[in-house]
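J.: Protein chains in written order, with the working numbering: chain A, 9 to 265; chain B, 18 to 299; chain C, 15 to 374.
Hints should not be assumed to be uniformly reliable.
[To be verified] Cβ pair distances, simulated, as ranges:
no.: 1; chain 1: A; residue 1: S122; chain 2: C; residue 2: L341; range: 33 to 39 Å
no.: 2; chain 1: B; residue 1: T20; chain 2: C; residue 2: A228; range: 51 to 57 Å
no.: 3; chain 1: C; residue 1: L39; chain 2: A; residue 2: V238; range: 30 to 36 Å
no.: 4; chain 1: B; residue 1: F22; chain 2: C; residue 2: L341; range: 57 to 63 Å
no.: 5; chain 1: A; residue 1: R135; chain 2: B; residue 2: T20; range: 57 to 63 Å
no.: 6; chain 1: A; residue 1: R152; chain 2: B; residue 2: P137; range: 50 to 56 Å
no.: 7; chain 1: C; residue 1: A20; chain 2: A; residue 2: N46; range: 30 to 36 Å
no.: 8; chain 1: C; residue 1: N230; chain 2: A; residue 2: R152; range: 50 to 56 Å
no.: 9; chain 1: B; residue 1: R174; chain 2: A; residue 2: S122; range: 22 to 28 Å
no.: 10; chain 1: B; residue 1: T20; chain 2: C; residue 2: G203; range: 56 to 62 Å
no.: 11; chain 1: B; residue 1: V81; chain 2: A; residue 2: A190; range: 56 to 62 Å
[As the list claims (entries may be wrong)] If you want a taste of the chain B side facing chain A, the calculated C-beta under 7 Å gives, among others:
no.: 12; residue: M74
no.: 13; residue: I177
no.: 14; residue: A184
no.: 15; residue: A191
Simulated from the structure, these hints should not be mistaken for lab results.
Note that the coordinates shown come from a computational prediction; the quantities given were computed from them, not determined experimentally.
Every residue, glycine too, gets a C-beta built ideally from N, C-alpha and C.
Chain by chain, the residues:
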Amino acid sequence: MTLLALEDVVVRYGQAVAVDGVSLAVGSGERVALIGPNGAGKTSVLNAACGVIRPAAGRVEIDGRVLTHATPAAVVRRGISQVPEGRHVFATLPVEANLLLGAYGRVFRLEIVSSTLRYLRSKRDVREQLERVYELLPNLRELRERPAGRTSGGEQQMVAIGRALMARPRLLAIDELSLGLAPVLVQALAEFLVRLNEEEGVAILLVDQSAALAFSLCERAYVLETGRVVLDGASRDLEGRSEVRSAYLGRGPDDPA
Amino acid sequence: MTTFFQFVVVGISTGSVFAIVGMSLVLVYRATGIVNFAQGVFAVLAGLLTYSFVQHMPLALAAVLATLVTALVATLVAVVAVGFRGRTTHLASLIITVGIAIFAEAVLLAAFGEVPRSYPAISDRAWDVGGVLIQPQYAVLALVALAAALLLTLFLRRTIVGQALVAAADSPRAAELIGLNLRSIAVIAFAVAGALTAVGGVLLAPTVPVSYSSGLTITINGFAAAVFGGLVSIRLALLGGFALGVLQQLVVGYVDSQYSLIIALLVMLVLIGWRSRGELAV
Amino acid sequence: MSAELAAQGRTARRRRVGAARVAALVGATAFACWLPFQLGLGDVGLYDRMGLYALVAIGLTLLMGFAGQVSLGQGGFFLIGAYTSGLLTMGFDAEERLIDPQAGIDPLLAVAIAPFVTAAIAVVIGIPLMRLRGHYLAFATLAFALIAWSLLYAQDGYTGGQYGVTVSKRLVVAGHEITGATHAAVVWGLVGLALLLSTNLVSSRVGRALQAIAANEPAAAASGINVALYKLQLFVFAAAMAGLAGALFTFFAQFLGPEDFGIIVSLLFVVMVSIGGLGSVYGAVVGAVTIVYVEHKLRDLGTHETLLGWDLPSTAPSILSLGVFGLLLIVIMLFFPHGLLPGITGAVRGAWARFARESN
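Start from the sequences, fold in the hints, and give me the full structure.
T.: Take a look at the structure:
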């Protein structure tokens, strides 16, 4: 069952075309990667999928529903959560508040009464989900009172992932997992994501510059270059292909990220 | 010596208004990144509305109604000031609030005329504390300011809505991604701040009659208080407001009343200049 | 080889276009200086004021467009320029705090000094402020304008307070009295000069640095451009322009009173820049002309007894101007954040391009 499908999506910033007709799909339980060099448009593709940017053309389907012009809140409600590039934790709030907001964020709308009712009704479920996230990411339990800004880079990545998981997504989209993190940490996080996928059934869409990471973590991959998908297929088929190398302008999949 | 304390007492009461407006500015800025140039308008509007309503109903009811109406107007200001996602920069929002402040003066002038308006205070009988006269109105103002500081701090730290406001300021991008609607957050922040400033205005008018043109000085004084806390600290805005009020009254008393505004402005300039150490223009 | 020739050809073409533009500007300025002699008395005054405000707006638009900073206090510099030239001319006896024309200096000298005074003040205020975020500068400049205005009343021994100062000496240059139409011609001549200097500036190395700053400030800073220094220069330039305009204003009105220098004047300059486009000096002139005209019409309208069947109160002129200008500022900043004129021309150009594409 396809959780996320993009069809010929075009994203423009003024006159500049960042995404030029991209189509991709992520099925339930899959691990899919979207790779490409800096400026290829990966984040724009993600933002179009998650409702942060309105595509100038094309379709976004989430779980069979056309949600091309949806708000980010609607996308979260439909089961897709994004861990943004650079993590973007809520620095002045404690870790636990970060997590709780991940669950409540989509609950609040301007209608005060219905929002309050939704909030009260979901409190117990949210507490349960919080416990589950603490089980998956035990480090966070120790850090629960610490302001998120005062944690290390790797811990912040966990906070961001935990925050996204609080919404009980069926698809977790991660933008630049490896950014600014030591390889050991990235490896640990990657293993965690595989476990998450295999044990909890959460589909993963990994957007990253590092082709090595993407191929090791995901079964399928799309290669993006200047806004277009130049290649896609199973990871083991793509590894070592010259197009992948040239898409990175001289950097091969085995070169350090 | 009693005159000195008299000035301090009066200063604390006017300072309470500065503190209230300052804290309101901090709330809006922390939630939206916008400095609301029209914040003072809410105080004036509430005062003038109370003056109108009090002709038809008891003071307490008039005050509550005026505050509610002002909060409603504040939500409208929020929508206009936030503008269009991605297209309206923070600086553009500031200029928009400048335009709102100007437009509001026109509306207030048309609706209420030029004459400063007032209505009776809570009580006419001042308490005599060791030779210093303390109007009950002053005491209420100071208490409201203190209570507001406490409540706002608790609100931002402990309630989920308050935390959502802080989150939106910490990272608008991530806030959006978890489903928070930035425009709704702006509306909430403006409404709460507007209501708070309205209460300040309602309590101020009996001591200092307000008119359509009062908004500007109120905003500036509030901003001076807010600058004391770097635009982000509620507690420092409270302190700054009191300090500013007392300073102004001392100038009025010992120097020359014509210089009270000038001194306040100079203090603000010095504060801003002092804050410039280590800040970067973005 | 041919690439070099092509480059030379491009430079030659650019020089020709540049020369043509300068010629057009000189021609337009000549026309603008000739115009006041053809206008009726009331219109000359309006025209003069348009030119004076245009001078201020030119300075402000460069500040807002290239430094991205909003100054809500240009009226303060205008005020200081006016009162500096006026008080220096009329002189005063410091002991008696009385106006003493014998102690006054030559008006021309006073007019020349005023911009330097405002520039000096701008340096003092500007150095700490240029590094700050926009809202700090906005409030600081507003505070400055308010301080200047409050001092008018507080030091009324020197400034005449609410009653003002009559400037009985006239500005004389080489035996010619600069009043009336002549004054307007001089003002517009200066506007033309300012435009010429500004367009030269934009194409120079300084101008390129400014454009780099406007396009992407962090990148410009990273490439070695001293952003704070350039911003300060723009701020000082804008202040000097306002000071010069104020000094000339003194010998236009021959009277100095607080009503001409209220806070609303500072805010009007921002509206003018918003209309013409942030960074566009020609737009600034358009903005100034528009606002002065609209203000004049609104005041006319406000002095009627009734309007559309409603009885107008005596405060109607204020209500109308405040309302219209406030609304203008809101609408422009919401829908045309780079300025009204650029927004409109952009939209027209876009529509024309679409039309051309579809008809092919």
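J.: Indicate, hint by hint, whether the structure satisfies it.
T.: Here is how each hint holds up against the structure:
no.: 1; hint: S122/A x L341/C: 33 to 39 Å; result: holds, 35 Å
no.: 2; hint: T20/B x A228/C: 51 to 57 Å; result: holds, 55 Å
no.: 3; hint: L39/C x V238/A: 30 to 36 Å; result: violated, 51 Å
no.: 4; hint: F22/B x L341/C: 57 to 63 Å; result: violated, 47 Å
no.: 5; hint: R135/A x T20/B: 57 to 63 Å; result: holds, 59 Å
no.: 6; hint: R152/A x P137/B: 50 to 56 Å; result: holds, 52 Å
no.: 7; hint: A20/C x N46/A: 30 to 36 Å; result: holds, 33 Å
no.: 8; hint: N230/C x R152/A: 50 to 56 Å; result: violated, 40 Å
no.: 9; hint: R174/B x S122/A: 22 to 28 Å; result: holds, 26 Å
no.: 10; hint: T20/B x G203/C: 56 to 62 Å; result: holds, 59 Å
no.: 11; hint: V81/B x A190/A: 56 to 62 Å; result: holds, 58 Å
no.: 12; hint: M74; result: violated, 26 Å
no.: 13; hint: I177; result: holds, 6 Å
no.: 14; hint: A184; result: holds, 4 Å
no.: 15; hint: A191; result: holds, 4 Å
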